[in-house]
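Novice: Going line by line, the protein sequences match chains A and B.
Residue 130 in my numbering is what sits at position 130 of the first sequence, and the numbering runs on without skipping anything.
Residue 80 in my numbering is what sits at position 80 of the second sequence, and the numbering runs on without skipping anything.
It is worth saying that the hints were derived from the structure and are not from the lab.
Hints may be right or wrong, so weigh each one.
[As the list claims (entries may be wrong)] Derived DSS-like pairs (lysine-lysine); straight-line CA-CA distance at most 27 angstroms:
(1) B/K13 x A/K22
(2) B/K46 x A/K146
(3) A/K146 x A/K94
(4) A/K22 x B/K46
(5) A/K135 x B/K13
(6) A/K135 x B/K46
(7) B/K46 x A/K46
(8) A/K139 x B/K13
(9) A/K139 x A/K149
(10) B/K65 x A/K139
(11) A/K109 x A/K46
(12) A/K139 x B/K46
(13) B/K13 x A/K149
(14) A/K121 x A/K135
(15) A/K94 x A/K135
(16) A/K149 x B/K65
(17) A/K121 x B/K65
(18) B/K65 x A/K46
(19) B/K65 x A/K146
Okay, here's what each chain looks like letter by letter:
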Amino acid sequence: MSDDILKVFILEDMPVDLELIKRRVRGYRPEILFSTARDRAEFERKVVSFQPDLVLSDYNLPDMNGLNALLHVRQHLDATPFIFITGILNDEEKVAEAILNGASGYLLKDHLDQLPALLRKVMTQHRSVLEEREKVWEKRREHQIKLRKSIAELRSMSAPGADQIASSLQEVADDLS
Amino acid sequence: MQRSDLITINDDKLGDILSQNGLTIILVTSSWDGYGIIMRSLLERKAVEYGNIRFCVADVETSPKLCRLFNVTAPPGLLLVRNGELIDHRSGAMGGNAIGDFIEQNS
Numbered sequence: 001m002s003d004d005i006l007k008v009f010i011l012e013d014m015p016v017d018l019e020l021i022k023r024r025v026r027g028y029r030p031e032i033l034f035s036t037a038r039d040r041a042e043f044e045r046k047v048v049s050f051q052p053d054l055v056l057s058d059y060n061l062p063d064m065n066g067l068n069a070l071l072h073v074r075q076h077l078d079a080t081p082f083i084f085i086t087g088i089l090n091d092e093e094k095v096a097e098a099i100l101n102g103a104s105g106y107l108l109k110d111h112l113d114q115l116p117a118l119l120r121k122v123m124t125q126h127r128s129v130l131e132e133r134e135k136v137w138e139k140r141r142e143h144q145i146k147l148r149k150s151i152a153e154l155r156s157m158s159a160p161g162a163d164q165i166a167s168s169l170q171e172v173a174d175d176l177s
Numbered sequence: 001m002q003r004s005d006l007i008t009i010n011d012d013k014l015g016d017i018l019s020q021n022g023l024t025i026i027l028v029t030s031s032w033d034g035y036g037i038i039m040r041s042l043l044e045r046k047a048v049e050y051g052n053i054r055f056c057v058a059d060v061e062t063s064p065k066l067c068r069l070f071n072v073t074a075p076p077g078l079l080l081v082r083n084g085e086l087i088d089h090r091s092g093a094m095g096g097n098a099i100g101d102f103i104e105q106n107s
C-alpha cells in the first residue's frame, strides 16, 4: 500500500451504486486507483492481477454469491481486507458466515456515509500486513529487473552461445513474473 | 507515417493520471527493453490516429510507485486508465494489431 494512493477493487453490478461507493471511498482518501467488476467472470479475470489493498463487494450478485468472492480473495490474495457493502443482509446467519469466512466487515448501502470511518478502522488494522506484502513485491520487481537487464546485455554480446543462454534465462524470467 | 511523441511520466505524475477524465494509455518500459522500444514506436503512430487518447510512457526502473500501483514487475507493460480506474492491462510484447485491438476494445 503506497503512502498516498490506495488500490480499491469494487465488485458491484449496479452502476449507480458503484458511483456512490466510489464517491464515499474518496471521502476516506482522495487519491484512489479503482478496478471494478460486475460479474463473476470479470471479477476472477481482474482481481488477482490488480493486487488490491482493499476489496469492497456486494453480497447478492446476479451470477454469484458474495461469499464466493470472499473465498476467491482469501485463496489468492490471503489477508487483503474485504468488506461487504450490500443492500440487504437480513439474515444473522449470513452475517456470521461472512465474518467467520474472513470478511473484515460489512455495511448496508443505506449507511454509506459510514464507509470512510469503517475504511479508516479496517486499513489501520491491516496496515502491517499490507506493508509486508509491498516489501515482498518490491523485492520481486528488483529481481525481475536485474534478470531482464542481464538478458538484454547477454543478447547484445556476440559470444558463442550467448543467445541460447539468454533465451533460457528469458523463459525463467517469464515463468517467475 | 506520422508519429507523435509519447508524454513521459513518472511517480510525480500519478495524481494527474488518476484525475484525468478521458482515456490514458501508459507504456511501462526501459531503454534496455527491446520489445518496449518497438511498442513505443507503434504507440507513437497510434497517438496520431487516436487524438482523443493520452499516450504516455514511464520507465520501469525510475517509477517504482507507478509500477507498484499498476502491478508491473517487468517491462513491457501496457495500461489503460480512465477516471481513476484501471480499465485494462497487458504484460509482455504486443504487435501493432494487438495494440490496435486493445485500444478499440476499450475506447
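Novice: What's the verdict on A/K149 and B/K65, does the C-alpha distance respect the 27 angstroms limit or exceed it?
Specialist: 20 angstroms, holds
Novice: Given the hinted pair B/K13 and A/K22, is their alpha-carbon gap at most 27 angstroms?
Specialist: Holds. B/K13 to A/K22 sits at ~22 angstroms (cutoff 27 angstroms).
Novice: Verify the proposed pairing of A/K135 with B/K13, using a straight-line Cα cut of 27 angstroms.
Specialist: With Cα atoms ~23 angstroms apart, A/K135 and B/K13 stay inside 27 angstroms; holds.
Novice: Assess, step by step, whether the Cα of B/K65 is no farther than 27 angstroms from the Cα of A/K146, and give holds or violated.
Specialist: 18 angstroms, holds
Novice: Between the alpha carbons of B/K46 and A/K146, is the straight-line distance 27 angstroms or under?
Specialist: 31 angstroms, violated
Novice: Is A/K121 close enough to A/K135, meaning Cα to Cα at most 27 angstroms?
Specialist: Measuring from Cα to Cα gives roughly 22 angstroms; hence the hint holds.
Novice: Holds or violated: A/K135 with B/K46, Cα cutoff 27 angstroms?
Specialist: With Cα atoms ~36 angstroms apart, A/K135 and B/K46 exceed 27 angstroms; violated.
Novice: Given the hint that A/K22 pairs with B/K46, test it: the Cα-Cα distance must not exceed 27 angstroms.
Specialist: 31 angstroms, violated
Novice: Can you confirm whether the C-alpha distance between A/K121 and B/K65 stays at or below 27 angstroms?
Specialist: Holds. A/K121 to B/K65 sits at ~24 angstroms (cutoff 27 angstroms).
Novice: Taken at face value, is the distance from the CA of A/K46 to the CA of B/K65 at most 27 angstroms?
Specialist: 20 angstroms, holds
Novice: When you check the alpha-carbon spacing of A/K146 and A/K94, does it fall within 27 angstroms?
Specialist: 48 angstroms, violated
Novice: Measure nothing beyond the straight line between the CA atoms of A/K139 and B/K13; if it is 27 angstroms or shorter, mark the hint as holding.
Specialist: 24 angstroms, holds
Violated hints, in rising order: 2, 3, 4, 6, 12, 15; the structure is consistent with all others.
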